[in-house]
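With the hints as your guide, set chains U and Z onto chain L.
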Amino acid sequence: MSDLVLTGVAVVRGRRTVLTGIDATFASGRLAVVIGPNGAGKSTLLEAAAGLLAPVAGTITLGGVPLAVIGRRALARRRAYLPQRAGVDWPLSVERVVALGLTPSLPSFGGLPSALQPAVDRALADADLTALRDRPATEVSGGELARVMLARAVVGDPELLIIDEPTAGLDPRHALDALRRLRARADAGCMVIAAVHDVDLALRFADDVVAVKEGGILWAGPIGTVVDVDALCRLYDVDVRLTRDDDGLSVRFTS
Amino acid sequence: MSRALVSSLAAGLVVAIAGSLFAGVVWLSPATIAGALSSTHTTLASLIVVDVRLPRILLAALVGGILGLAGAVLQGLLRNPLAEPGLLGITAGASLGAVVAIYYGAAAAFALATPLFALTGALAAAAAALVLARGGGTLALILAGAAISSLAYAAVYLALDLAPSPYATYEILTWLMGSLADRSWHHVALAGPFILAGAALLLLTGRSLDALALGERAAASLGIDVARVRLLALFGTALGVGAATAVAGSVGFVGLIAPHLVRPLVGHRPSAVLVPAALTGAIIVVLADLATRVLRGSAQGIGLGVFISLVGAPFFLWLVLRTARRTE
Amino acid sequence: MRSAVAAIALLLATGAAAAPVRVMSISECTDQLVLALVPPARIVSVTWLSRDPTTSLMAHAAGQVGVNHGLAEEVLRDHPDLVVADSFAAPTTRALLHRLNVPMIEVASPETIGAIREATRQIARAVGALPRGAMLLARMDRTFADLAADPPLGVRVVAWGGGGFGASRGSLFDALLTAAGATNVAPDAGRGGPDVERLLVAAPTLLVMGADAAPDLHANVAAHPVVRRWQGRSVTVPQAHYFCGTPFIGDAALALRRQLHAAVPR
Numbered sequence: 098m099s100d101l102v103l104t105g106v107a108v109v110r111g112r113r114t115v116l117t118g119i120d121a122t123f124a125s126g127r128l129a130v131v132i133g134p135n136g137a138g139k140s141t142l143l144e145a146a147a148g149l150l151a152p153v154a155g156t157i158t159l160g161g162v163p164l165a166v167i168g169r170r171a172l173a174r175r176r177a178y179l180p181q182r183a184g185v186d187w188p189l190s191v192e193r194v195v196a197l198g199l200t201p202s203l204p205s206f207g208g209l210p211s212a213l214q215p216a217v218d219r220a221l222a223d224a225d226l227t228a229l230r231d232r233p234a235t236e237v238s239g240g241e242l243a244r245v246m247l248a249r250a251v252v253g254d255p256e257l258l259i260i261d262e263p264t265a266g267l268d269p270r271h272a273l274d275a276l277r278r279l280r281a282r283a284d285a286g287c288m289v290i291a292a293v294h295d296v297d298l299a300l301r302f303a304d305d306v307v308a309v310k311e312g313g314i315l316w317a318g319p320i321g322t323v324v325d326v327d328a329l330c331r332l333y334d335v336d337v338r339l340t341r342d343d344d345g346l347s348v349r350f351t352s
Numbered sequence: 002m003s004r005a006l007v008s009s010l011a012a013g014l015v016v017a018i019a020g021s022l023f024a025g026v027v028w029l030s031p032a033t034i035a036g037a038l039s040s041t042h043t044t045l046a047s048l049i050v051v052d053v054r055l056p057r058i059l060l061a062a063l064v065g066g067i068l069g070l071a072g073a074v075l076q077g078l079l080r081n082p083l084a085e086p087g088l089l090g091i092t093a094g095a096s097l098g099a100v101v102a103i104y105y106g107a108a109a110a111f112a113l114a115t116p117l118f119a120l121t122g123a124l125a126a127a128a129a130a131l132v133l134a135r136g137g138g139t140l141a142l143i144l145a146g147a148a149i150s151s152l153a154y155a156a157v158y159l160a161l162d163l164a165p166s167p168y169a170t171y172e173i174l175t176w177l178m179g180s181l182a183d184r185s186w187h188h189v190a191l192a193g194p195f196i197l198a199g200a201a202l203l204l205l206t207g208r209s210l211d212a213l214a215l216g217e218r219a220a221a222s223l224g225i226d227v228a229r230v231r232l233l234a235l236f237g238t239a240l241g242v243g244a245a246t247a248v249a250g251s252v253g254f255v256g257l258i259a260p261h262l263v264r265p266l267v268g269h270r271p272s273a274v275l276v277p278a279a280l281t282g283a284i285i286v287v288l289a290d291l292a293t294r295v296l297r298g299s300a301q302g303i304g305l306g307v308f309i310s311l312v313g314a315p316f317f318l319w320l321v322l323r324t325a326r327r328t329e
Numbered sequence: 260m261r262s263a264v265a266a267i268a269l270l271l272a273t274g275a276a277a278a279p280v281r282v283m284s285i286s287e288c289t290d291q292l293v294l295a296l297v298p299p300a301r302i303v304s305v306t307w308l309s310r311d312p313t314t315s316l317m318a319h320a321a322g323q324v325g326v327n328h329g330l331a332e333e334v335l336r337d338h339p340d341l342v343v344a345d346s347f348a349a350p351t352t353r354a355l356l357h358r359l360n361v362p363m364i365e366v367a368s369p370e371t372i373g374a375i376r377e378a379t380r381q382i383a384r385a386v387g388a389l390p391r392g393a394m395l396l397a398r399m400d401r402t403f404a405d406l407a408a409d410p411p412l413g414v415r416v417v418a419w420g421g422g423g424f425g426a427s428r429g430s431l432f433d434a435l436l437t438a439a440g441a442t443n444v445a446p447d448a449g450r451g452g453p454d455v456e457r458l459l460v461a462a463p464t465l466l467v468m469g470a471d472a473a474p475d476l477h478a479n480v481a482a483h484p485v486v487r488r489w490q491g492r493s494v495t496v497p498q499a500h501y502f503c504g505t506p507f508i509g510d511a512a513l514a515l516r517r518q519l520h521a522a523v524p525r
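Chains as they are written, first to last, in the numbering used here: chain L, 98 to 352; chain U, 2 to 329; chain Z, 260 to 525.
Bound conformation, chain L alone (with noise of 0.2 Å):
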């Protein structure tokens, strides 16, 4: 039972309450979708769940254990993170980048240790990156800085993954691409939890779907069971057709 847990969550940025009573369950193996209107706290429920967050009620558990007991370090080397437009503000090879993700197993000085140079390898060929390897990772285009980012998150083979935005500003054959590399992940058996904004994709590829509205969860649970007409309509105001394809669900916002 390696499960996350969120069990009356509420955070509290600055003095805004963000989130309030926050119950959701996250699987192993499992794809799980956050989606919901902007502003809507979606990203802070990705930061509360990655433990980057303290809520100010309930608690948030990982295989049982709170987070905050897991520790610091200890949960960077099982849990990876990629916020939004995550970029780098150096010119580092992408090499460099990559490696950057194993910094929880790295010992305080020194460089990589030759050890953990093939999981740097595995993950940039993974991701199609060994070519581009000592290309200063500013000056790749947005889709390869994705395929950057996300080969970071996963070099140190975390068993959660939780990606805020993974498809932002990429055109739809790098979207796609990003959604098949995140779907591959979680059939690989790594719990992933992302926040997307194109419903459409999102559908596509998840397993499990969470949608907030203002602060709370309106309705989850996995995509066959929780997603029809009505519960988009309540979720973002606007008239939805929902079609079902070969693809899977298909939908159109109208109005």
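Honestly, the hints are just simulated from the structure, not real lab data. Don't take every hint at face value.
Said to hold, decoys possible - One side only, chain U facing chain L, incomplete, derived with CB under 8 Å:
(1) 134
(2) 135
(3) 197
(4) 198
(5) 201
(6) 219
(7) 221
(8) 223
(9) 229
(10) 268
(11) 269
The structure displayed is predicted, hence computed values, not measured ones. Here a beta-carbon is modelled for each residue, glycine too, at the ideal position from N, C-alpha and C.
Using the frame of chain L, we list chains U and Z on its own:
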């Protein structure tokens, strides 16, 4: 690559230090210096080498080293290539402390009053910046530092305006220009431990600075305690740069330029910049101090800080233009 | 190293035990007194500043001896029997020379007539020139007595100096004005530079200005229309007359008295 760079910079520093033992009011030959360093008798040469030049040159290396190191750490912490100790108000705080010592006559009462007051000022400025920026991010820290810096410099100029005597005015002005002239082993003993302690704290931040290249949130997710890193960086800078400013006066620019010089050579990795930046800073200040000694002609000597800025600013401008062209 | 320093201290001390033969001054104002008290042959060097006649009364004499920049290395190189310094010599240099046990006398930079007497006697004693010091002071006192014998001029003046050396209360410039028989009606006017409003409020009979070699802020103010109203009613004093406190302040006061006398409108 990095190891080769560190070794060659260290060798360069040793050459610079050895070279500057020769020059000054009296030019000494290598044989004389070797004799002075090995002999047990006290001769003119041994007095000049052991008691006048050596402490001064070592101090130059320590001061330059900590300025370069602090600059590299702050640039990494704030992810801003323009960061340097002056930006966070630490140099200004140290200056104010020293000026208070001079103004209220404590400096005249005992020679080490100025350094001690300066160190206190630097620590106070760092503490104020941390408290003001509490809860805020990097930008809050930069803004708090800028505010403290302006306030401290305003107080320095107020002191200049109200200086009780021409003597105090003269003292404050010379001090603001920065100098290592006639610093003794006393000053090495006073500033050395603080500079080394500050450097140790700063070096602890290396790994975290690498992770911070990804942003504060991402760094935190990698297990970095960002608040602790900030505390280490500011406190280490206040200790080290405070002590350096205390004995050498305000020496700007080294903290800004030293990291820039070495960054491209280490693949821009923030932790790899630290030691080379410290060595580069040390070389810069040792050579600048040598230049101020040699260039002292019939006129008054050039202030160390003034000299570094005079030579450094055009060079830095060239560097900026070159970088701008390359990234176009 | 400590024992080495002690050894050289002994070496230097044996030289200094007799009357100091070779004297070195490392502050501009002690230069003036050393040059006045000691024959050039016995002076190793004075600061390079003392060759500038703008601020140095002894510029000519300074041209006959060596120059230094107030550095410890120069002191070690030239190995004088006595170093003379005041508070304008860098504290770090003085501290280092103390550490190296270099024989040194430090005097306070004199700002009053009394302090001039004190500093002159201190240095005269240290360089073994007590009779010469007494002679200079006696001459100063004689000049002051002559000045005091004349009916007080009582002319109301405002004085502007240059380079931070204003005529504020307690300054040497103020002492010079008083000795010359003038009444400094705005003794705070010099603080922070010349102030045209204060000049108007004080409405002095005469405006006394220190002459600078280089034009500075104060020269700028001198072109102000208000200040030009004092054209023909202003007196210029060489900066060297009030820059350092020396027994020659008597002669400076006498010269200023003559200038004031000539300038007072009748």
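Evaluation of the provided hints:
no., hint, verdict
1, 134, "violated (15 Å)"
2, 135, "violated (13 Å)"
3, 197, "violated (17 Å)"
4, 198, "violated (18 Å)"
5, 201, "violated (12 Å)"
6, 219, "holds (6 Å)"
7, 221, "holds (5 Å)"
8, 223, "holds (4 Å)"
9, 229, "violated (10 Å)"
10, 268, "holds (6 Å)"
11, 269, "holds (4 Å)"
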